[in-house]
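A.B. asks: Turn these sequences into a full structure, and let the hints steer you where they fit.
Protein chains in written order, with full-length UniProt numbering: chain W, 1 to 264; chain B, 1 to 341.
For the record, the hints were derived by calculation from the structure and aren't laboratory data. Certain hints may be false.
[Claimed, not checked] In silico negatives: residues of chain B with every beta carbon more than 12 Å from chain W:
#1 Ser-142
#2 Asn-150
#3 Leu-250
#4 Asp-283
#5 Ile-284
#6 Arg-330
[Claimed, not checked] Cβ-to-Cβ under 8 Å is the rule here; a few derived chain W residues that face chain B:
#7 Cys-56
#8 Pro-78
#9 Ala-82
#10 Gly-97
#11 Leu-99
#12 Glu-103
#13 Gly-108
#14 Ser-120
#15 Leu-121
#16 Leu-122
#17 Gly-125
#18 Glu-131
[Said to hold, decoys possible] DEER-style ranges, computed between Cβ atoms:
#19 Thr-245/B <-> Leu-153/W: 39 to 49 Å
#20 Thr-143/W <-> Val-126/B: 49 to 59 Å
#21 Phe-58/W <-> Leu-104/B: 21 to 31 Å
#22 Ile-284/B <-> Gly-116/W: 47 to 57 Å
#23 Ala-140/W <-> Ala-301/B: 51 to 61 Å
Source: prediction; values computed, not measured. Just so it is clear, CB atoms sit at the ideal spot from N, CA and C, and this is done for glycine as well.
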Amino acid sequence: MSITSHEKLLHVGGVTVRFGGLVALSEVSLTIRPRTVVGVIGPNGAGKTTLFNVVCGFIRPETGDLSWKGRPLRKHRPDQLAGLGIARTLQGLGLFGGLTVLENVMTGAGRLARTGSLASLLGTGKSARDERELRDRSMAVLTELDVAHVAQLHPGALPYGVRKRVALARALVSEPELLLLDEPASGLSTGEMDELADRIRALTEKTAVVLVEHHMDLVMRVCDEVVVLDFGEVIASGSPDEVRVDPAVADAYLGTAPEELPSA
Amino acid sequence: MLNKLPPVVVHLLAALGCLVLLVLLTFAADPFTNLRIATVGYYLIAVAGLALLTGFNGQVSLGHGAFMFIGAYTVALLVKRVPAFPIWADLLLATVAGGVAGLLAGAAAARLRGPYLAGATLALAVGLPAVTQRFPELLAGSNGLSFTVNSQPAGLVGTIPSTQWQAWIVWLAVLLALVVLANLARGKLGRTLRAVRDDEVAASLAGVHVGRTKILAFLVSSACGGLAGGLQAFLLGTAAPGSFTVALSLSLLAALVLGGLGSLWGALWGAIALVYFQVWTDDIAEVLSLRSDISDNLPLALYGVVLIVVVLAFPAGIQGGLRKLWVRVRRPVPSQRGEAS
Ligand SMILES: Nc1ncnc2c1ncn2[C@@H]1O[C@H](COP(=O)(O)OP(=O)(O)OP(=O)(O)O)[C@@H](O)[C@H]1O
Ligand SMILES: [Mg+2]
Numbered sequence: 001m002s003i004t005s006h007e008k009l010l011h012v013g014g015v016t017v018r019f020g021g022l023v024a025l026s027e028v029s030l031t032i033r034p035r036t037v038v039g040v041i042g043p044n045g046a047g048k049t050t051l052f053n054v055v056c057g058f059i060r061p062e063t064g065d066l067s068w069k070g071r072p073l074r075k076h077r078p079d080q081l082a083g084l085g086i087a088r089t090l091q092g093l094g095l096f097g098g099l100t101v102l103e104n105v106m107t108g109a110g111r112l113a114r115t116g117s118l119a120s121l122l123g124t125g126k127s128a129r130d131e132r133e134l135r136d137r138s139m140a141v142l143t144e145l146d147v148a149h150v151a152q153l154h155p156g157a158l159p160y161g162v163r164k165r166v167a168l169a170r171a172l173v174s175e176p177e178l179l180l181l182d183e184p185a186s187g188l189s190t191g192e193m194d195e196l197a198d199r200i201r202a203l204t205e206k207t208a209v210v211l212v213e214h215h216m217d218l219v220m221r222v223c224d225e226v227v228v229l230d231f232g233e234v235i236a237s238g239s240p241d242e243v244r245v246d247p248a249v250a251d252a253y254l255g256t257a258p259e260e261l262p263s264a
Numbered sequence: 001m002l003n004k005l006p007p008v009v010v011h012l013l014a015a016l017g018c019l020v021l022l023v024l025l026t027f028a029a030d031p032f033t034n035l036r037i038a039t040v041g042y043y044l045i046a047v048a049g050l051a052l053l054t055g056f057n058g059q060v061s062l063g064h065g066a067f068m069f070i071g072a073y074t075v076a077l078l079v080k081r082v083p084a085f086p087i088w089a090d091l092l093l094a095t096v097a098g099g100v101a102g103l104l105a106g107a108a109a110a111r112l113r114g115p116y117l118a119g120a121t122l123a124l125a126v127g128l129p130a131v132t133q134r135f136p137e138l139l140a141g142s143n144g145l146s147f148t149v150n151s152q153p154a155g156l157v158g159t160i161p162s163t164q165w166q167a168w169i170v171w172l173a174v175l176l177a178l179v180v181l182a183n184l185a186r187g188k189l190g191r192t193l194r195a196v197r198d199d200e201v202a203a204s205l206a207g208v209h210v211g212r213t214k215i216l217a218f219l220v221s222s223a224c225g226g227l228a229g230g231l232q233a234f235l236l237g238t239a240a241p242g243s244f245t246v247a248l249s250l251s252l253l254a255a256l257v258l259g260g261l262g263s264l265w266g267a268l269w270g271a272i273a274l275v276y277f278q279v280w281t282d283d284i285a286e287v288l289s290l291r292s293d294i295s296d297n298l299p300l301a302l303y304g305v306v307l308i309v310v311v312l313a314f315p316a317g318i319q320g321g322l323r324k325l326w327v328r329v330r331r332p333v334p335s336q337r338g339e340a341s
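C.D. replies: Listed below in structure tokens is the structure:
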């Protein structure tokens, strides 16, 4: 089975989410094709994170439907996502403070484990081999992201940029087909952001990425397609160049003239 | 070479070593001390179970005495009503009974958090022993059930005191249960429990079924409580509601905090403290010839004071303090290590 055979990896069709009187998403549709990077941008409170929460099954939309590789995703739970091949980083990092960096990443690799809870409870040799494999894989991902030296430390004491990499490693270790990144560049230095851009582009060999981000240069640089949300509505979508000159987008961003938007 | 073996083998070997040491120790100890050694044993497994639930998984239970109650009455009823069962089967069923109760409690608890969970478990500890009043025929009301367990093999009767034999049985059961807990703590499940404790959203995104994990923690933890209660009944030959007060539940939790929440070792220090505080304060009360209304409350008061002092000095409990000490002993000049790496 190859992912190239699926024209649509993820499809979001006409999703509406309301919180009381507030319309967080209104008839939002979106298609993610394999090995592409789609940017989702918009001002604060536009509904970007809510969109991720709908995809992940944390929020049930009022109307609309989702499908994954052509199959409807209905009443799915967040914990089923990793098994499908969807991984996500959280806007607030969400690292496990009481676990070492390595353990954090190993937790993300659970999808690849072949032995179950009972084997773990009985401490069988098979479960131990499984653990060693998860550890090796996790170390490999940490090495790839240049943070292997903090593997045995707890994330709380680490610099923010390092923690962001750990969170990314935890999402990547499960080898997802779709990666949802919620503001991966916030708090990063310019150098770190360049590195992140290269890394996201490199990911597209195997993985599709949805990138929620406020840093326009990063978005314009790495995305194949950009979707702009404002007050829960899709106000524009298209290639980075098309979106950059869209007057509606400029309006949404506090009336900034299009030419003042940062260019790639 | 040791780390090539499956974890269960390593843990079983360690348990066997401990058992041999303990058996030797019981030969050196008088019957009273052996009773205390056995008591430390069943408190250890109760606190270790609580460590899993509260320390590893972050679910605070103020009612673990209730599961001990269930275990104790399971053993008492089985000994009295089904005398054909061997004691190991009674203890196994006490563990199962505790686990089943925990499964039900855990299913309810998975929907509760923080103060609500603590309140619900507290209600369990208050309410459950009261069922003895509802079924006075079966459970003998507040007097409780008394019985004798003839578990000692005929060949050993008379050669060693019965408390020594009982200490062996208790520790055999405790060490076997600890092997399971150690497997769990060191493996994938232990990591999953802690991940759920730290961040439920991130854990579920990593593929962890949060509700199921919490229920599993409750199940294993209360099975340990059931075993502990069963061992207590076996040791004392009674099961009475007065042994399973809210004070018991609270002291189990206090023992855990005192010993250290993060590891199973903490449970050992906590259990030792739980038993020996009682002993020492009794001694102090006797030496000072204190009035009984003062001496009765002395253990709890002293326990509280020590708990506060230890937690202020070592927030991670006795085990946390020991670990700090160990790190300092092993690495006297940490700065040089830092440069090397
Ligand atoms: N669980 C919730 N209950 C009520 N309102 C919510 C909830 N989650 C989000 N909202 C509201 O929905 C709107 C969209 O929020 P969302 O977090 O999706 O925005 P966002 O685009 O991710 O913003 P930011 O860039 O600040 O992260 C906001 O007005 C927010 O206050
Ligand atoms: Mg957001």
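A.B. asks: Determine for every hint whether it applies to the structure shown.
C.D. replies: Consistency of the hints with the structure:
Residue-level check passed: Ser-142/B sits 38 Å from the nearest beta carbon of chain W, beyond 12 Å. For Asn-150/B, the requirement that its beta carbon stay farther than 12 Å from each beta carbon of chain W is met, with the minimum near 33 Å. Here Leu-250/B stays apart from chain W, with its beta-carbon at least about 24 Å from theirs, past the 12 Å limit. Annotated as non-interface, Asp-283/B keeps its C-beta farther than 12 Å from every C-beta of chain W; the closest such distance is 39 Å.
Once the 12 Å rule is applied to beta carbons, Ile-284/B is consistent with being away from chain W; the minimum gap is 38 Å. Interface exclusion of Arg-330/B from chain W stands, the closest Cβ pair being 15 Å apart, more than 12 Å. Proximity of Cys-56/W to chain B holds as hinted, the smallest CB-CB distance being about 7 Å (cut-off 8 Å). Of the supplied interface hints, the one on Pro-78/W holds, with its beta-carbon coming within about 4 Å of a beta-carbon of chain B, less than 8 Å.
A cut of 8 Å between beta carbons decides the hint on Ala-82/W: the least distance to chain B is about 3 Å, and the hint holds. The beta carbon of Gly-97/W is positioned within 8 Å of a beta carbon in chain B (closest approach about 5 Å), and the interface hint is therefore held. Because the beta carbon of Leu-99/W sits about 6 Å from the nearest beta carbon in chain B, less than 8 Å, this interface hint is met. With a least beta-carbon distance of about 5 Å to chain B, the hint placing Glu-103/W at the interface is held under the 8 Å criterion.
At a threshold of 8 Å, the smallest CB-CB gap from Gly-108/W to chain B is about 5 Å, leaving the interface hint in force. At a threshold of 8 Å, the smallest CB-CB gap from Ser-120/W to chain B is about 4 Å, leaving the interface hint in force. With its C-beta approaching chain B no nearer than about 5 Å, Leu-121/W sits inside the 8 Å limit, and its interface hint holds. Against a cut-off of 8 Å between C-beta atoms, the interface hint on Leu-122/W holds, since the closest Cβ of chain B lies about 6 Å away.
Taken as an interface hint, Gly-125/W checks out: its beta carbon lies about 4 Å from the nearest beta carbon of chain B, inside 8 Å. With its C-beta approaching chain B no nearer than about 6 Å, Glu-131/W sits inside the 8 Å limit, and its interface hint holds. Our hint of 39 to 49 Å for Thr-245/B and Leu-153/W holds, since their Cβ atoms are close to 43 Å apart. At about 54 Å, the beta-carbon gap between Thr-143/W and Val-126/B stays in the expected band of 49 to 59 Å.
The hinted range of 21 to 31 Å is satisfied by Phe-58/W and Leu-104/B, whose Cβ atoms lie roughly 28 Å apart. Taking 47 to 57 Å as the suggested C-beta distance range, the pair Ile-284/B and Gly-116/W conforms, at roughly 51 Å. At roughly 55 Å, the beta-carbon separation of Ala-140/W and Ala-301/B lies within the given 51 to 61 Å, and the hint holds.
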